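Which chain is which? The protein sequence lines are S and U, in order. Residue 14 in my numbering sits at position 14 of the first sequence, with consecutive numbering throughout. Here my numbering = 1-based position in the second sequence + 1000.
Read the hints as simulated data drawn from the structure, not as lab findings. Take the hints with a grain of salt, since some may be wrong.
[As the list claims (entries may be wrong)] According to the in silico footprint, chain S covers these stretches of chain U (three or more CB under 8 Å from chain S): (1) 1272 to 1283; (2) 1547 to 1555; (3) 1643 to 1656.
Remember, it's a predicted structure, so these values are computed and weren't measured experimentally. Glycine included, every Cβ here is placed at the ideal spot set by N, Cα and C.
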Amino acid sequence: MSVHRDLPARAIVGTQTVTIAIALNGERRSLKVSPATTLLDLLRHDLALTGTKKGCDHGQCGACTVIIDGQRINSCLQLAVMQDGKAITTIEGLSPDGALHPLQAAFIERDAFQCGYCTPGQICSGVALIAEGRATSREEIREHMSGNICRCGAYPNIVDAIEDVLVQRGQLMKETVE
Amino acid sequence: MLKNDTHIGSPRSRVDGPAKVTGKATYAAEFATPDLAHAYIVGSSVARGKITGIDVAAAGAVPGVIKIFTHENRPRTAWLSFRHKTIVGPPGRPFRPLYSDEIQYSGQPIVLVVAESFDVARHAASLVKVAYEQHPHETDLGRARSDSYEPPRRRLGIAPPPKPRGDAAKAYDEAAVRVSAEYTIATEHHNPMEPHATTVIWEGGGKLTVHDKTQGVQSSQAYVARVFGLSSDDVRVISPYVGGGFGSGLRPQHQLFLAVMASLALERSVRLELTRQQMFSHVHRPETINVLSLGADQDGKLTSIQHHALAATSRFEDHQEVVVNWSGLLYPAENVDLRYELAKLDTASPGDMRAPGAPLGVFALESAMDELAIAAGIDPIELRLRNYAERDENDDKPFTSKALRACYSEGAERFGWSRRDPKPGSMREGRELIGWGMASGVWDANMMKTSARAVLGADGKLAISCATSDIGTGTYTILTQIAADALGLAMDDVTVALGDSSLPTSPVQGGSWTAASAGSAVMAACQSLRETLVKHAGKIDGSPLVGAGIDDVAFAGGRIMMRLDASRSLSLADAVAAAGGSVEAEESAGPGLLGLMLPKSHSSYTHAAVFAEVRIDQDLGVLRVTRIVSAVAAGRILNPKTARSQIIGGVVWGIGMALHEETLTDHRLGRIMNHSFAEYHVPANADIHDIEVIFVEEHDDKTSPIGVKGLGEIGIVGTAAAIANAVHHATGNRIRSLPITIDKILADAV
């Protein structure tokens, strides 16, 4: 049977590595990384944090979205060595004590996913969007969530879920459909 | 169904939701093991020819490279192509990776680099140099069209066009109202968000555990065993979560072959994940050209239907879909002539993609019906009602159920169709032209033989298992609902295990048949459990259920009770204890008597009426689909929440087909040009506006024991046609080639 555990960070290309210190999901980590490794591959391959997904590796789909110092970012476009001193939150860090983040709960309630593969990226993007405070309508949610592709086509439900949390937080009045 | 349903028919959140929103759901490339090697594919850069040399010196010198496989050093595998065939595959010779020096299409995997890390494998792959002898290729369907042919051998499960009825050409010539045109649909690629990937865990002793991105774990298991000469006991395929399939995982794809080959040769665990670019190197929806002619009398009653389709296939396989048969099914006419031909291109083989064939043929048919409505001066819905098929004239059989009339009326009501001014270009708001269009949709309702196991433990927890997959369709959830209702349990007391080849037999997940098939199997297994429990409950000394038969009792709230006297009841725990501590049943369900394949007495289809509103900028040609109403008749709806999502997803696919999706090939090179998410466009969030789903009442007791007809495909089928018809209504221009891009809107603008 396969094992699924936190593997120790290791050098993966050649012999040269760089040591970085990051706060990953609230935990301080010192990691030796290859200069060629992306943050996405560091998370998925070396740290076994596979909640962050690889959909294109080119910054075109948003499945790898994580939150770095409060900003949502495609982790496939970030080299691991660039993260020294940064605070990174992945999907695994949104419910550290086991209680779902309100947006995670809203995604379940609104059925805002099907296959689930884009979902961690959608949720990280949505959490950061809510914190940005600039989505004031469904139209704006749609626009600001367009960096995250959902091939199952759950978009209307994703907008519903984000709208619910914005309404809960008093950032948005619920739009009524005619 | 049972009389005490509390979960079935009610909106329920997905039971796999917590795993998916926390990142804990594990997909094929995410299973880890110590000593895992990483593989990376080098694809052919020419479309046809021979490999004359492969220089792996530089790649092999990169530290960390373990092995480089080519056709020259690949391990021996099955030579005979039939061993590579699966039940889903079409006639022909399936593609065999690294089989020989022959290049059959651009992007074909020709080298596999295996290394200690992903970075090293990718880097080393970039250093491989391949020399080719190029041969002339053809990737342009317009040119290959002159060499079209009727597929000499039928693909299993794909109905050929029915025999002609009457004399369609003569009837067309004599018809009072006629329309005839050519309708084309571009090549599309599935692009599930999860790229195809396989992780092979080398277990030692010749045993493999394979995590494969597939819509059928047992299909992958059988393929691996057959091709590599292994016992099926030595291969276990486990894929609990699949990041979208849409048909791309119906056949074993080449990453499965290559990963297993490398693992067996190196005797260690190997992972191979395709890049997004490589997701354009295998399966796709074939470009299809329809020529459709309709003839009708003055009242719009059809007298002649001629639908001839030409679809692309590869040079080595005859992929086939049902494209034209829908035209003989949706509307009756005395004279019908349907033909389906293929033309060979130097590409990978096409494959099934969401509702294979149907949205292609139905786009043509429902566009032509819109044109006929205008030519005859009849409202598009009225035209369809005047030509309503009460019977399947292709097969000369009655329908199991068909509530399409209700789809038209309820959809039209919700959409506000009566406020439509039929004159094109008549509805506008400022700079925006508004168009309203509609179309019908239709898809097979099938059931396939499937088995399931149910185990009720002493703790009152029910464990359900079946080898089918949940590719995002909601299978985990609806099976939980069915099982919970059958034994009167809370959904939390039920667990469902899927996607493991060691579980009871299931066909691949596809064709919209899984809910009906796996659902019926779970129902049968639970029914068997109920009978065992009642039998044992009646034998307990002083049992309140003494003498009770299965029809005398109800299961609710964790108890078995007399239907007519609820005070006479026994806890499930007591019944399980009486039965020896746990109860288990495995049952199968399938079409026809005793699950045998018998000739069906009825035809069974799902139907839909789709209404679309588009808004088009009059100067820029920018088009938005601002509103869709999809009214669906699909029998019993098990879970309105996940069912609605299925239809919304299908509609989004229809919008993609109508406006965005198009694989572009440079025919000079025979290579795909837009193989990325930046250039192969799928709908993004901002493209999707209001989508309303209506499930009309439809009772069906013949398609499946649980009354279900399936929802995976029907959402897409009529959507592109409804949008194209709306575009005509907005602009007066008929665009007959999908996708409807801005250049086509502007080119047609007067």
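Going down the list of hints, with the structure as the test:
1. Figure legend: the stretch 1272 to 1283 of chain U, annotated as covered by chain S; annotation consistent (3 residues with Cβ-Cβ distances under 8 Å, at least 3 required).
2. With 0 residues bearing a CB less than 8 Å from a CB of chain S, the stretch 1547 to 1555 of chain U misses the requirement of three and the coverage assertion fails.
3. Residue count for the stretch 1643 to 1656 of chain U with a Cβ under 8 Å from a Cβ of chain S: 9. That meets the three needed, and the coverage hint holds.
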